Amino acid sequence: AQSVTQPDIHITVSEGASLELRCNYSYGATPYLFWYVQSPGQGLQLLLKYFSGDTLVQGIKGFEAEFKRSQSSFNLRKPSVHWSDAAEYFCALYSGTYKYIFGTGTRLKVLA
Amino acid sequence: SAVISQKPSRDICQRGTSLTIQCQVDSQVTMMFWYRQQPGQSLTLIATANQGSEATYESGFVIDKFPISRPNLTFSTLTVSNMSPEDSSIYLCSVAQGGGNEQFFGPGTRLTVL
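Which chain is which? The protein sequence lines are G and B, in order. Going by our numbering, 102 is the number at position 102 of the first sequence; the sequence numbering is gapless. In short: position in the second sequence from 1, add 112, done, that's our numbering.
Simulated from the structure, these hints should not be mistaken for lab results. Don't take each hint at face value.
Unchecked claim - Pairwise CB distance ranges, derived in the manner of DEER restraints:
#: 1; chain 1: B; residue 1: Gly164; chain 2: G; residue 2: His10; range: 42 to 50 Å
#: 2; chain 1: G; residue 1: Glu15; chain 2: B; residue 2: Gln163; range: 41 to 49 Å
#: 3; chain 1: B; residue 1: Lys119; chain 2: G; residue 2: Leu56; range: 33 to 41 Å
#: 4; chain 1: G; residue 1: Arg77; chain 2: B; residue 2: Lys119; range: 31 to 39 Å
As the list claims (entries may be wrong) - Computed footprint of chain B on chain G; a stretch qualifies when at least three of its residues, placed anywhere within it, have a C-beta under 8 Å from a C-beta of chain B:
#: 5; stretch: 33-45
#: 6; stretch: 99-107
Owing to the predicted nature of the structure, the values given are computational and were not obtained by experimental measurement. We put the beta carbon where it would ideally sit given N, CA and C, even for glycine.
If we strip away everything but chain B, and leave its shape as in the complex, we get (with noise of 0.2 Å):
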C-alpha cells in the first residue's frame, strides 16, 4: 500500500487568511482525492485531482475556494482561500489503488479558524 504523508499535520488559522495543504505519496499514482472531516461528521470527498488536468469538484465545493495543484504523480496541494471557521476540519488526501477501488488515506491535517 502507498505510504501517505501530510504537512502541516494541523494549524490554527486566522479568518480571512488561507492555507495550502501539501500532499505526498511515496509511489506514483494517478488518482488522489481530498476528503473534508467536518467535527463529528463522516467524510466528504472534495474533488478528485489527476495529474495533468483540472480537477473534478463536487458538488458544493468550488475551485476559488478549494483551489487543487497536482504538478506531478506523487504530489498534490489544496488550498482552503479566505478562511472562515466553518472551514475548521480535518482535510484528508487518499490515493486509489487496486484498479481504483482501494483507497488509502493520509494522516489529515487538522485545520482550526478563529
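Next comes chain G alone, as it looks inside the complex (with noise of 0.2 Å):
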C-alpha cells in the first residue's frame, strides 16, 4: 500500500538549533517525493522535491532533504532554525495519475 507517514505530530526547537523532520514513505517503485510547508493562515508552499538523481536535495529557505531508499525516508533539514520558520510541515508521495498522499503533517514550534 502506498502511504506517507511523519511520526512527529509537534517539534519543538530553539532558534538557531537544528532541525530534522521526519518522512517515511512506502510505494513499489522510483518515488516522487516533496516537502510543503503552511504557515498559519496560509496555503502550501513548495519547500523542495525530489524525482531522482542526487539524493540530498536543496529548497528554499535554507532546507535541504535527503533520499534514503534503504530506509524508505525523505527526511527535511535545517542547519539552523528561525523564527519564522514556525509552521506546519507536509511531507507528499506523487502516486501517480495526479494523485498526492499526503503525511499528517509536523507542527514546529520555534521558541526565542
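Using the supplied hints, reconstruct the complex from the two chains, each of which is provided in its own coordinate frame.
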C-alpha cells in the first residue's frame, strides 16, 4: 500500500538550533517526493522535491532533504532554525495519475 | 510556477447555506484540484477538475454536496452545499505542472460553519 508517515506530530526547537523532520514512505517504485510548508492561515508552499538523481536535495529557505531508499525516508533538515520557520510541514508522495498522498503533518514550534 | 488566487480567503456561514469558492490561475492549466483540510488534519483530495468535462470525485465526496465548475483553463469554482459544522475546513485548490507530478497550491479558503 502507498503511504506517507510523519511520525512527529509536534516538534519544538530553539531558534538557531538544527532541525530534522522525519518522513517515511511506502511505494512500489522510485517515488517522487515533496516537502511543503504551511504557515498559519496560508496555503501550501513547495519547499523542495525529489524526482531522481542526487539524493540530497536543496530547497528554498535554507532547507534540504535527503532521500534514503534503504530506509524509505525523505527527512527534511535545516542547520539553523529561524523564528519564521514556525509552521506546519507536510511530506507528500506523488502516487501517479495526478494524485498525491500527504502525511499528517508536523507542527514546528520555535522558541526564542 | 503558477500563481493561484482564491476567493474568499475566509468566511463564516450559517448551516444549511451554500458557499462558492473561486480559484484563479495566472496561466492555462489542464488539471485543477480541490482539497479539503479539516482542522488539525492533512489534505484530502475532493475532486479533479478538467476543463470541458465533469469533475472526477474521490471516494466519500459527491457532486451534489461539492459541485465544481471548470469553464476555462484558468478558473474553477467549488461550491460547498447545504453546509453543516462538519464542513468547517480549509479548502485549497491546486494545479498540476511539470507533467502532472508537481502541484502548486492556492492560499486556501478558511470556512467556518455555525
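(message) Hints numbered earlier in the text: which of these fail when held up against the supplied structure?
(response) none
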